[in-house]
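Asks: Now for the letters of each chain:
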Amino acid sequence: MRTLVCVKRVPMTGGKMVLTADGQALETKHLGFTISPHEECAVEEAVRIGGEVVVLTLGPAEAEEQLRDCMAIGADRGILLKTSEEWDAQSTAGAIVDAIRGEEAFDLILFGNESADAAGFQVGIRVAHALGLPVVTGLKKIEVGEGRVRCERDVGGARDVYEAPLPAVLTVLEGLNLPRYPSVPGRLRAKSKPLAVVEPARPEQKLEKLRLVVPEGQGKQAEVLEDAAQVVAVMQSLGVA
Amino acid sequence: MILVYVDSDELSAQAVGFARTLGDLHAVTFAGPYQPTAWAKALAAQDADAIVAAGSDRGNELLAHVGAILDQPFAANVIAIDGDMVTRVRWGGSLLEEARLHGAPKLLTVAPHTQPAAEIGDVETLDAPDDGSPKVLERVEESSGGVSLRDAKVVVSGGRGVGSAEGFAIIEELAGLLGAAVGCSRVVTSAGWRPHADQVGQTGTKISADLYVACGISGATQHIAGAKGAKKILAINTDPEAPIFASADYAVIGDLHEVVPAISAELKRVRG
Ligand SMILES: Cc1cc2nc3c(=O)[nH]c(=O)nc-3n(C[C@H](O)[C@H](O)[C@H](O)COP(=O)(O)OP(=O)(O)OC[C@H]3O[C@@H](n4cnc5c(N)ncnc54)[C@H](O)[C@@H]3O)c2cc1C
Ligand SMILES: Cc1cc2nc3c(=O)[nH]c(=O)nc-3n(C[C@H](O)[C@H](O)[C@H](O)COP(=O)(O)OP(=O)(O)OC[C@H]3O[C@@H](n4cnc5c(N)ncnc54)[C@H](O)[C@@H]3O)c2cc1C
Chain A
1 MRTLVCVKRV PMTGGKMVLT ADGQALETKH LGFTISPHEE CAVEEAVRIG
51 GEVVVLTLGP AEAEEQLRDC MAIGADRGIL LKTSEEWDAQ STAGAIVDAI
101 RGEEAFDLIL FGNESADAAG FQVGIRVAHA LGLPVVTGLK KIEVGEGRVR
151 CERDVGGARD VYEAPLPAVL TVLEGLNLPR YPSVPGRLRA KSKPLAVVEP
201 ARPEQKLEKL RLVVPEGQGK QAEVLEDAAQ VVAVMQSLGV A
Chain B
1001 MILVYVDSDE LSAQAVGFAR TLGDLHAVTF AGPYQPTAWA KALAAQDADA
1051 IVAAGSDRGN ELLAHVGAIL DQPFAANVIA IDGDMVTRVR WGGSLLEEAR
1101 LHGAPKLLTV APHTQPAAEI GDVETLDAPD DGSPKVLERV EESSGGVSLR
1151 DAKVVVSGGR GVGSAEGFAI IEELAGLLGA AVGCSRVVTS AGWRPHADQV
1201 GQTGTKISAD LYVACGISGA TQHIAGAKGA KKILAINTDP EAPIFASADY
1251 AVIGDLHEVV PAISAELKRV RG
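Sequence order for the protein chains is A and B. Mapping the first sequence onto our numbering, position 112 (from 1) lands on 112, and the numbers just tick up by one. Mapping the second sequence onto our numbering, position 268 (from 1) lands on 1268, and the numbers just tick up by one.
Bound-form chain A, shown alone:
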């Protein structure tokens, strides 16, 4: 079994979105970085399925940090598609496809259903089409069988069941599993696991980000309630108590 997991480095924003002066990006000077919870579950699932697990990201040199985090919970090696530019979803998928073509075939290629920040809902599907592989998205359960995978997706009060032959592309959601915390020995081992660095060239952008805007409505003035009687009075006035 060989599994590839694609992850994206994103800032860990706190209680407020703060932009750089040019409106081109989030101000990340005081922020840590992470990957989407969906992608954390993808890495955890790959490690549980077993066999060789490779993690890949397209991002800046610092994204090595996120690949090492994934290796700390059990991925075997990393591929960093290093770039200092921003790529749209189409070209991100293209770069991932090129990287996959340069590798021995994978049985499973896992993605998050959508990235934490740009949330284009598409990179996994584009990669599947380019490679001619079946794809099932938005999964909360995966069972790998002999040459096939059975998977389930939540559809509000019910679960839809799909099956696909391997190799396949799957995109997953948080709730698929409960990812482990990296152990200290896991972190130490991760430091010496192999990391391949490739610098792809960016093609012309077709969904071209111009600027970011913080939506209105942040910064309400909450009415302070002093005791339980006031809370219940509010609940009654809202018709919920």
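Since the hints were made in silico from the structure, they are not lab data. Among the hints, erroneous ones may be present.
DSBU-like cross-link-like pairs, simulated, lysine-lysine; straight-line CA separation at most 30 Å [unchecked claim]:
no.: 1; chain 1: B; residue 1: K1206; chain 2: B; residue 2: K1232
no.: 2; chain 1: B; residue 1: K1041; chain 2: A; residue 2: K141
no.: 3; chain 1: A; residue 1: K141; chain 2: B; residue 2: K1268
no.: 4; chain 1: A; residue 1: K140; chain 2: B; residue 2: K1268
no.: 5; chain 1: B; residue 1: K1041; chain 2: A; residue 2: K209
no.: 6; chain 1: A; residue 1: K209; chain 2: A; residue 2: K191
no.: 7; chain 1: B; residue 1: K1153; chain 2: B; residue 2: K1228
no.: 8; chain 1: A; residue 1: K209; chain 2: B; residue 2: K1206
no.: 9; chain 1: B; residue 1: K1232; chain 2: A; residue 2: K16
no.: 10; chain 1: A; residue 1: K29; chain 2: A; residue 2: K209
no.: 11; chain 1: A; residue 1: K141; chain 2: B; residue 2: K1228
no.: 12; chain 1: A; residue 1: K220; chain 2: B; residue 2: K1231
no.: 13; chain 1: B; residue 1: K1153; chain 2: A; residue 2: K141
no.: 14; chain 1: A; residue 1: K82; chain 2: A; residue 2: K209
no.: 15; chain 1: A; residue 1: K191; chain 2: A; residue 2: K82
no.: 16; chain 1: A; residue 1: K29; chain 2: A; residue 2: K16
no.: 17; chain 1: A; residue 1: K16; chain 2: B; residue 2: K1153
no.: 18; chain 1: A; residue 1: K16; chain 2: B; residue 2: K1228
no.: 19; chain 1: A; residue 1: K220; chain 2: B; residue 2: K1041
no.: 20; chain 1: A; residue 1: K16; chain 2: A; residue 2: K209
no.: 21; chain 1: A; residue 1: K191; chain 2: A; residue 2: K29
no.: 22; chain 1: A; residue 1: K29; chain 2: A; residue 2: K220
no.: 23; chain 1: B; residue 1: K1268; chain 2: B; residue 2: K1153
no.: 24; chain 1: A; residue 1: K29; chain 2: B; residue 2: K1268
no.: 25; chain 1: A; residue 1: K140; chain 2: B; residue 2: K1041
no.: 26; chain 1: A; residue 1: K16; chain 2: B; residue 2: K1041
no.: 27; chain 1: B; residue 1: K1232; chain 2: A; residue 2: K220
no.: 28; chain 1: A; residue 1: K82; chain 2: A; residue 2: K29
no.: 29; chain 1: A; residue 1: K220; chain 2: B; residue 2: K1228
no.: 30; chain 1: A; residue 1: K140; chain 2: B; residue 2: K1206
no.: 31; chain 1: A; residue 1: K220; chain 2: B; residue 2: K1206
no.: 32; chain 1: A; residue 1: K16; chain 2: B; residue 2: K1206
no.: 33; chain 1: A; residue 1: K209; chain 2: B; residue 2: K1228
no.: 34; chain 1: A; residue 1: K206; chain 2: B; residue 2: K1041
no.: 35; chain 1: B; residue 1: K1206; chain 2: B; residue 2: K1228
no.: 36; chain 1: B; residue 1: K1153; chain 2: A; residue 2: K140
no.: 37; chain 1: A; residue 1: K29; chain 2: A; residue 2: K141
no.: 38; chain 1: B; residue 1: K1268; chain 2: B; residue 2: K1232
no.: 39; chain 1: A; residue 1: K82; chain 2: A; residue 2: K206
no.: 40; chain 1: A; residue 1: K16; chain 2: A; residue 2: K82
Please arrange chain B with the ligands on chain A, whose structure you already have, making use of the hints.
Replies: The following block gives chain B with the ligands in isolation, referenced to the frame of chain A:
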């Protein structure tokens, strides 16, 4: 012609409302088990100036397939369009992006609950031959344990401040008195105190309650992304500077371990 994929849901009615502003509309759907790749092939084969769907699980999935098939860009969760310029949602709605969408046909989905719904009108059922790609084999109904988080009128939620799985007893008691669903933050699900099905937020459930009661939750943007569909938010937090208060309508500054049981007691008292 603007091609719109519709389901029988409220979000499709909103997508239709948005698409009508773009031009002549042709609404289509499919019969039989959901087969995203096959359905997308049928959509991609239509001669359209734009292909639009709701920013639902299916809408986003189908349009991504269409984008891959036609090798065209796809803008998910758009809230406004003017020629090539689109405004779309990032970070579950905590941030907006203005972008130029090149390519034809224009492929986009409409961000949920950002547009008024419209009458869907006539819908053509397109033919989508089974191409052997993955499709829904069966639908397993889940035994619903109480009020669903997504549709609940009231949600009472706990965060790190609750302190433990056992700590949720007081949250459950208040929820029970209000006929509310219990929710939580990601810190709580990551710690294993509650199942992920209870998580409110960008990567959890987006609620639409009349009242959201957030107990011991700081108000991270990713949490608010799931809570802001609530009409009113009441936050209970020991820290008067907690960011949640900037999203709340009502604030109780205090220890939830005292405040929550006091609210339950008061509810019981006024009800006699
Ligand atoms: C230097 C640099 C700066 C950037 N700045 C920004 C920025 O300010 N704001 C912003 O929102 N985006 C930024 N991007 C990212 C870029 O816009 C997106 O990666 C691209 O648009 C992918 O689309 P998506 O995030 O919508 O993917 P989706 O289709 O939503 O992602 C689905 C899944 O695809 C995989 N995936 C997505 N992107 C990558 C990736 N890069 N590497 C590996 N797997 C991936 C993940 O598994 C993800 O869960 C930047 C990228 C670079 C390199
Ligand atoms: C891509 C991404 C997606 C995410 N998706 C989600 C998501 O879907 N949902 C989600 O919730 N989070 C999500 N997160 C995590 C989010 O960023 C926060 O880490 C999380 O919401 C914090 O949970 P919390 O408020 O319970 O904990 P904390 O931030 O630690 O806050 C605890 C709060 O409790 C208060 N408190 C402590 N003790 C008491 C007491 N006795 N009485 C009253 N108040 C008390 C404190 O003052 C503090 O404000 C996501 C993060 C990322 C990066």
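Asks: Now, for every hint given, state plainly whether the structure supports it.
Replies: Comparing the hints with the structure gives:
no.	hint	result
1	B:K1206 <-> B:K1232	holds (14 Å)
2	B:K1041 <-> A:K141	holds (26 Å)
3	A:K141 <-> B:K1268	violated (41 Å)
4	A:K140 <-> B:K1268	violated (39 Å)
5	B:K1041 <-> A:K209	holds (28 Å)
6	A:K209 <-> A:K191	violated (35 Å)
7	B:K1153 <-> B:K1228	holds (14 Å)
8	A:K209 <-> B:K1206	holds (26 Å)
9	B:K1232 <-> A:K16	holds (19 Å)
10	A:K29 <-> A:K209	holds (21 Å)
11	A:K141 <-> B:K1228	holds (28 Å)
12	A:K220 <-> B:K1231	holds (13 Å)
13	B:K1153 <-> A:K141	holds (29 Å)
14	A:K82 <-> A:K209	holds (20 Å)
15	A:K191 <-> A:K82	holds (18 Å)
16	A:K29 <-> A:K16	holds (14 Å)
17	A:K16 <-> B:K1153	holds (27 Å)
18	A:K16 <-> B:K1228	holds (14 Å)
19	A:K220 <-> B:K1041	violated (46 Å)
20	A:K16 <-> A:K209	holds (21 Å)
21	A:K191 <-> A:K29	holds (25 Å)
22	A:K29 <-> A:K220	holds (26 Å)
23	B:K1268 <-> B:K1153	holds (20 Å)
24	A:K29 <-> B:K1268	violated (49 Å)
25	A:K140 <-> B:K1041	holds (26 Å)
26	A:K16 <-> B:K1041	violated (41 Å)
27	B:K1232 <-> A:K220	holds (11 Å)
28	A:K82 <-> A:K29	holds (21 Å)
29	A:K220 <-> B:K1228	holds (12 Å)
30	A:K140 <-> B:K1206	holds (17 Å)
31	A:K220 <-> B:K1206	holds (20 Å)
32	A:K16 <-> B:K1206	holds (19 Å)
33	A:K209 <-> B:K1228	holds (25 Å)
34	A:K206 <-> B:K1041	holds (21 Å)
35	B:K1206 <-> B:K1228	holds (8 Å)
36	B:K1153 <-> A:K140	holds (26 Å)
37	A:K29 <-> A:K141	violated (37 Å)
38	B:K1268 <-> B:K1232	holds (22 Å)
39	A:K82 <-> A:K206	holds (20 Å)
40	A:K16 <-> A:K82	holds (29 Å)
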